[in-house]
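Residue numbers (my numbering), protein chains in the order written: chain W, 1 to 121; chain E, 1 to 111.
Treat the hints with care, as some may be off.
[Stated by the list, open to error] What follows is a set of in silico ranges between Cβ atoms, one per label pair, in the way DEER data are often shown:
#1 E/108 to W/85: 48 to 56 Å
#2 E/46 to W/51: 30 to 38 Å
#3 W/16 to E/79: 19 to 27 Å
#4 E/58 to W/14: 31 to 39 Å
#5 E/56 to W/83: 46 to 54 Å
[To be verified] Calculated from the model, a selection of chain W residues having no Cβ within reach of chain E, i.e. all distances over 10 Å:
#6 14
#7 17
#8 18
#9 20
#10 27
#11 61
#12 63
#13 88
Keep in mind the hints are simulated off the structure, nothing from the lab. From the three backbone atoms N, C-alpha and C, an ideal C-beta is built for every residue, glycine too.
Read off the chains here:
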Amino acid sequence: GAVVSQHPSWVICKSGTSVKIECRSLDFQATTMFWYRQFPKQSLMLMATSNEGSKATYEQGVEKDKFLINHASLTLSTLTVTSAHPEDSSFYICSARDPPGQGANSNQPQHFGDGTRLSIL
Amino acid sequence: GENVEQHPSTLSVQEGDSAVIKCTYSDSASNYFPWYKQELGKRPQLIIDIRSNVGEKKDQRIAVTLNKTAKHFSLHITETQPEDSAVYFCAAKQAGTALIFGKGTTLSVSS
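The following block holds chain W by itself, in its conformation from the complex:
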């Protein structure tokens, strides 16, 4: 089955530093990847949609200058949390979608990475 690898799994860093999270599709090419954030005991909230070779599309309320997304290849998307502060502490999880299938019913499942737990001190 499709595998999405996310790294690192856990980060602790000081306030003001920048943190880069990688999301890789291991056995398929992902033209589109999605980044979610999940605070404790809450749901997964979509932050942005990352498209290979073009600018990411951010959801309302998500600062694009703070959460930098790069999707330079068909198997790698990165999320950089710049100048991180304690309120950015959260579980960040990426997902990738199989390339669109054929026909009208081409809605493909999303495959999730293991997530990154980010703690800002």
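Take the given structure of chain W and dock chain E to it, following the hints.
For chain E alone, coordinates are given in the frame of chain W:
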């Protein structure tokens, strides 16, 4: 955009009982409805999904029903076991877009 509502937020059942979680969605263009189980600190795990051209789908103790007219879908777990205890999320999407999740249901199965 899509908005998904999920109820109840918590559900406690005795082992062997059935559990039902309900979701509604707002965007009539949505055509894919998965259910995920998430254990603490881990990724969501897909447990069952249904597409809009199907009204019901079953996989052993788990079933999902979809009512497109009413824009709601439900997860049914029969013969619950303690290992079914987790947080369950419903989600909805249309082709080419991201999954939008409900707020989750914490299911507790006591033996």
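Status of each hint after checking the structure:
1. Separated by about 34 Å at the C-beta atoms, residue 108 of chain E and residue 85 of chain W break the suggested range of 48 to 56 Å.
2. Here the CB-CB span from residue 46 of chain E to residue 51 of chain W is close to 23 Å, at odds with the stated 30 to 38 Å.
3. For residue 16 of chain W paired with residue 79 of chain E, a C-beta distance near 52 Å fails the hint of 19 to 27 Å.
4. At roughly 51 Å, the beta carbons of residue 58 of chain E and residue 14 of chain W sit outside the given window of 31 to 39 Å.
5. Checking the proposed 46 to 54 Å range against residue 56 of chain E and residue 83 of chain W shows it holds: the Cβ atoms sit about 49 Å from each other.
6. Against chain E, the non-interface label of residue 14 of chain W holds: every CB pair exceeds 10 Å, the least being about 23 Å.
7. Distance check on residue 17 of chain W: its Cβ is at least 23 Å (rounded) from any Cβ of chain E, clearing the 10 Å threshold; non-interface status holds.
8. Interface exclusion of residue 18 of chain W from chain E stands, the closest Cβ pair being 24 Å apart, more than 10 Å.
9. Consistency note on residue 20 of chain W: stated as away from chain E, and its beta-carbon is indeed over 10 Å from all of that chain's, at 20 Å minimum.
10. Listed as outside the interface, residue 27 of chain W is consistent with that label: its C-beta sits roughly 17 Å from the nearest C-beta of chain E, beyond the 10 Å cut-off.
11. Non-interface call for residue 61 of chain W relative to chain E: holds, since the shortest CB-CB distance, roughly 12 Å, exceeds 10 Å.
12. Every C-beta of chain E lies more than 10 Å from that of residue 63 of chain W, the closest at about 18 Å, which supports listing it as non-interface.
13. Distance to chain E confirms residue 88 of chain W as a non-interface residue, since its nearest Cβ pair spans about 18 Å, more than 10 Å.
Taken one by one, the earlier hints fail for this structure at numbers 1, 2, 3, 4, listed in ascending order.
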